[in-house]
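Participant: Protein chains in written order, with the numbering used here: chain L, 1 to 659; chain W, 1 to 270.
Hint data in this document are derived by calculation from the structure and do not stem from the laboratory.
Using N, Cα and C, we set each Cβ at its ideal position, and we do this for glycine too.
Take the hints with a grain of salt, since some may be wrong.
Beta-carbon label-pair distances, calculated as ranges [what the hints assert, rightly or not]:
1) L:His152 x W:Thr251: 40 to 48 Å
2) W:Gln101 x L:Arg358: 35 to 43 Å
3) L:Glu370 x W:Gly126: 55 to 63 Å
Below, in silico cross-link-like pairs of lysine-lysine (DSSO-like), each with a Cα-Cα straight-line distance of 30 Å or less [what the hints assert, rightly or not]:
4) W:Lys124 x W:Lys79
5) L:Lys305 x W:Lys203
6) W:Lys162 x L:Lys356
7) W:Lys203 x L:Lys125
8) L:Lys349 x W:Lys162
One-letter residues, chain by chain:
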Amino acid sequence: MAQSATEKLDTFPKLLRRNAAVRGSNTAFRHKDLGIWQSWTWAEVYEIVRAYAVGMKALGLVRGDKVAIVGANRPKLYWSMMAAQVLGAVPVPVYSDAIADELAYVLDHAEVRFAAVQDQEQVDKLLSVSERVPRLKTMLYDWGRGLRDYDHTHLHPIEAVIAQGRARLSEGPDVGAALDAEIDGGTGDDLSIILYTSGTTGRSKGVMLTAGRSIAAATDTVAFDHLSDRDEVLAYLPLAWVGDHYLNFAQGLVAGFCTACPESADTAQADLKEIGPTFYFAPPRVFENLLTRVMIRMEDAGSLKRRMFHHYIAVAKQWGEKILNGQEVPLSARLSYGLGNLLVYAPLKNALGFSKVRTAYTAGEAIGPELFSFYRSLGMNLKQLYGQTEAFLYVTAQPDGQIRADTVGPATPNVEIRIEDGTGEVLYKSPGQFIGYFKDAEKTAETMTPDGFVRTGDAGFFEVGTGHLKIIDRAKDVSKLKSGDLFAPKYIENRLKFYPNIKEVVAFGQGEEFVTVFINIDLTAVGNWAERNNVVYGSYQELAGHPDVYSIITAHVDAVNAQLATEPAMAAAQIRRFLILHKELDADDGELTRTQKVRRGFVGERYAPLVKALYDGSSEADISTEVTFEDGRKGVISARVKVKDATLFPATSTTGKAA
Amino acid sequence: MLHVSPQSTSAAIAKGEVLLNVENVSLRFGGVKAISDVSFDIRKGEVRAIIGPNGAGKTSMLNCINGFYFPQEGHITYKGVRRQKVRPHEAASSGIARTFQNVALFKGMSTLDNIMTGRLLKMKRGFLWQCLHWGPAQAEEIAHRETVERVIDFLEIQAIRKTPVGRLPYGLQKRVELGRALAAEPELLLLDEPMAGMNLEEKEDMCRFILDVNQQFGTTIALIEHDMGVVMDLSDRVVVLEYGRKIADGTPDVVKADQKVIDAYLGVAH
Numbered sequence: 001m002a003q004s005a006t007e008k009l010d011t012f013p014k015l016l017r018r019n020a021a022v023r024g025s026n027t028a029f030r031h032k033d034l035g036i037w038q039s040w041t042w043a044e045v046y047e048i049v050r051a052y053a054v055g056m057k058a059l060g061l062v063r064g065d066k067v068a069i070v071g072a073n074r075p076k077l078y079w080s081m082m083a084a085q086v087l088g089a090v091p092v093p094v095y096s097d098a099i100a101d102e103l104a105y106v107l108d109h110a111e112v113r114f115a116a117v118q119d120q121e122q123v124d125k126l127l128s129v130s131e132r133v134p135r136l137k138t139m140l141y142d143w144g145r146g147l148r149d150y151d152h153t154h155l156h157p158i159e160a161v162i163a164q165g166r167a168r169l170s171e172g173p174d175v176g177a178a179l180d181a182e183i184d185g186g187t188g189d190d191l192s193i194i195l196y197t198s199g200t201t202g203r204s205k206g207v208m209l210t211a212g213r214s215i216a217a218a219t220d221t222v223a224f225d226h227l228s229d230r231d232e233v234l235a236y237l238p239l240a241w242v243g244d245h246y247l248n249f250a251q252g253l254v255a256g257f258c259t260a261c262p263e264s265a266d267t268a269q270a271d272l273k274e275i276g277p278t279f280y281f282a283p284p285r286v287f288e289n290l291l292t293r294v295m296i297r298m299e300d301a302g303s304l305k306r307r308m309f310h311h312y313i314a315v316a317k318q319w320g321e322k323i324l325n326g327q328e329v330p331l332s333a334r335l336s337y338g339l340g341n342l343l344v345y346a347p348l349k350n351a352l353g354f355s356k357v358r359t360a361y362t363a364g365e366a367i368g369p370e371l372f373s374f375y376r377s378l379g380m381n382l383k384q385l386y387g388q389t390e391a392f393l394y395v396t397a398q399p400d401g402q403i404r405a406d407t408v409g410p411a412t413p414n415v416e417i418r419i420e421d422g423t424g425e426v427l428y429k430s431p432g433q434f435i436g437y438f439k440d441a442e443k444t445a446e447t448m449t450p451d452g453f454v455r456t457g458d459a460g461f462f463e464v465g466t467g468h469l470k471i472i473d474r475a476k477d478v479s480k481l482k483s484g485d486l487f488a489p490k491y492i493e494n495r496l497k498f499y500p501n502i503k504e505v506v507a508f509g510q511g512e513e514f515v516t517v518f519i520n521i522d523l524t525a526v527g528n529w530a531e532r533n534n535v536v537y538g539s540y541q542e543l544a545g546h547p548d549v550y551s552i553i554t555a556h557v558d559a560v561n562a563q564l565a566t567e568p569a570m571a572a573a574q575i576r577r578f579l580i581l582h583k584e585l586d587a588d589d590g591e592l593t594r595t596q597k598v599r600r601g602f603v604g605e606r607y608a609p610l611v612k613a614l615y616d617g618s619s620e621a622d623i624s625t626e627v628t629f630e631d632g633r634k635g636v637i638s639a640r641v642k643v644k645d646a647t648l649f650p651a652t653s654t655t656g657k658a659a
Numbered sequence: 001m002l003h004v005s006p007q008s009t010s011a012a013i014a015k016g017e018v019l020l021n022v023e024n025v026s027l028r029f030g031g032v033k034a035i036s037d038v039s040f041d042i043r044k045g046e047v048r049a050i051i052g053p054n055g056a057g058k059t060s061m062l063n064c065i066n067g068f069y070f071p072q073e074g075h076i077t078y079k080g081v082r083r084q085k086v087r088p089h090e091a092a093s094s095g096i097a098r099t100f101q102n103v104a105l106f107k108g109m110s111t112l113d114n115i116m117t118g119r120l121l122k123m124k125r126g127f128l129w130q131c132l133h134w135g136p137a138q139a140e141e142i143a144h145r146e147t148v149e150r151v152i153d154f155l156e157i158q159a160i161r162k163t164p165v166g167r168l169p170y171g172l173q174k175r176v177e178l179g180r181a182l183a184a185e186p187e188l189l190l191l192d193e194p195m196a197g198m199n200l201e202e203k204e205d206m207c208r209f210i211l212d213v214n215q216q217f218g219t220t221i222a223l224i225e226h227d228m229g230v231v232m233d234l235s236d237r238v239v240v241l242e243y244g245r246k247i248a249d250g251t252p253d254v255v256k257a258d259q260k261v262i263d264a265y266l267g268v269a270h
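Chain W extracted, bound-state conformation:
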């Protein structure tokens, strides 16, 4: 089992309370409105799905949450701190980790090294110490390595520990990317299309890992996914976007039955 580091458990937010609140957020690129006036919340311990057709603003929304984009209007409250601008490293050090739609790993580095990069923000020793790789720096690395090994064990990727990531099949690369996010021991995990391009078996494995992360470590998860079967099975609540606007929000059953969602996204069975 992963150790949950003290600073993340010390947060006074109990399961079921609002962990992250998005209030009236709008995002523009020049004249293009990517997100307009969207509000929703993510509660501690839940699996929250964001769905919608292509170009609906789902990834932009994740980018706002982890500080990659700055919304022109609105606020994002995370763990009780309300701000308009979050910077990516602030988001990361306050417990938000993410994976990307197109796998963003270091192709020439091994699985182990890639996952070790997820621990970077938690390394306290400076550059010189790290270069010396002796004494406290070594002790620190061993401790981090242990966490990483637990992640490797958890995701069952022991066999590819030393394999350069570029040589791995796509499904495994996605798993390594999840591993890197998990190594940061996040409180909020943002997953951008974790199952895209996977076959059925890989999808089933990934679902199992996502559920286990959620149940075992209590990690809150926000995910974007197009596979409706996966979304409806995994998530506790779903928010639906279309052309940058929120058109529905609720439990999978509610959303599935919503006429606007059917028209915009799900379509009807003919």
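Next comes chain L alone, as it looks inside the complex:
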């Protein structure tokens, strides 16, 4: 089977062969099937992938062909990628929840000839767009339910393809030798995978990644986070997303750890608890939902448990992060924390499936500092990273011991970062970076600079003293105040939105003297406050205009200004004036997108009299706006909105340098 372990490991099939030889009896994959966890060792996976590759070759798959992978995280779909790569074909994973139209575009653009899919749903979807994807000839499926009566001329169960390959392999040594030659023939410059970006801005682009670069990147981060073949992950992120392909597939093959596949998408949370992964990734939204669920369930617990929970969570809040970061902590605090761990933290982490987590990452959007420290204070090593598909994930990551909620960490090993003058755009050069967009030289040229750096489209700056990168906004949204100082609306908005009382914020300031904001209060949080403090209100509008609510929000705005003052790049962009809007921003009125993002320009025009009042110094303004009710009828809301001044702070630097 394996020839030698000392050869150059520059493709994933070579790594698979190495893993089979070096740690053949270690578990490589798990999948819960019929309620029982099934497992496969590296040696077994290698044998299956070889047979699968022979079977695919018999069906006509050749080097350079594109193979679409559509479905959930199931071992057979991961093996489909591996088998395709053995033959030098290129897997193209596609979002399985994509609508048929999007799917047709990607499959046609990628020129796929083969597709490995999960089940009938995906087969139907592909068949429905078959005339738009003329090159797609052969489809393989994992789960046969409902497919028995389909025409099987070009449709094969993956199981049968593997069995056929196995039969061929047993015929004689020639077939196996030819396969070994295929694996040896692969080089680090070969295209390893094409990952299509989700396409929030226009059509999806196919990001081409080579084997050698992918492995180089994964090798760096495996060392960075000390991952080994004793680690285990739960693969629940979409196959087509760079996060899954990098964190699970690439790192799994490099480090030789075990990838567990959930029984179904709905059971992922329960499966997480059963597997107890040691490495975990989730976007901030997931952590937030988990915390909310914990808090709600604690409210239903008995009073003794509830008091114990709140007491020890307070202890954790005070000391947990310090202990995790290895700082000096008094002995009494250590004892108290230890007891809390016994009574609360460990059982809680067990219930969430985080007992064995050594390293956890979050990324994708800004995470609230409270939320971030909650998990860290429990003793979970949650960190942030910043990356993108084009980089093959990592650009920056926080090393152990240097964890902060408001930065994304310094550049990962072997990554070079440059901040472009003027725009503040972050550019990087990384070991895993892509070689170009598939069939889109124009977009590639836009994204890559002549000296080999890649544009992220995000604006950011390095924090003075620590060298941590802070991402502030999309580069195209960052602008300047009249004074020429940087104005990053999203950065300011996010800072304010971390307060539970504030639901939505719209910041203004482009070309103006100073920064102003519109604020939407959160009716649940502020309403709760009103109930506890006997504040009577009849409507959102009335509550929003209440003087006590204004003082609460003023305190939040002042606190944000104090934070901004400590950041040299941001100190000039403190909020001078603000108002609380009389109505909630709503997608039905066109003020938010359907994904709940503020349409800043539209809001500015719609509430022009209010924006004017923010800048002309008046203390209140009248506004009437047309609103659309849920049944489609229109009405008008009129209000007099108060404008308040916020406290400004002199700029100071965290490093203690005089400002």
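Since the structure of chain L is provided, determine the placement of chain W on it from the hints.
Facilitator: Relative to chain L, chain W alone:
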């Protein structure tokens, strides 16, 4: 895929032949005639719909077939055995399973346990063995559990395996009930309004499951349903009842065009 147990495949009835024949059945409750002189047949492997306005005797008909009611007149022939009276447990052990119009599950038990009850008739070990839960009894339970897990996999309800049924939304409860009927590996599956109270998406899912059961396992299905779109799409043949009498019988197209059916049930587009 489900294993079809040997005793049900050994029946000498081939696809397309008559599996169950209802001959001149009448059912009275005191002076009320629920069913009068109804005859129709169900062929092996088909999806047979029974439709009609409220009170037409549809559920009573199903109750006669699975032995819950005893018709005063007429006979029911099932797999070549002609009898006037069938008892529910006889019907169940000879391969007839059903679901109910109002969900009839054990609310406090988990999905898994509810579906396990569908295997009850196939458990051979006695009460004492089951209490011991050791040796042969344990081996038997493991085998039954496997069948149940296949049903859970088939109906895609893995996520609610351990959830008490009472906590589930109605659409899922209906699916669990179908699961319990499927666990008995029936030859004839009686479904009493499987889509009632469901939203469009749940209905589409349920249709897919019913078709898959029919195609994949060759299970014969008799269903009562009010959603005409569903009936016309799913069924091979439809029998229409009104006031306990049969007024039409045939393929969906034939029935749809029948004037008597339009007058009694479908109504006309104005």
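Participant: Hint by hint, which ones does the structure fall short of?
Facilitator: 1, 2, 5
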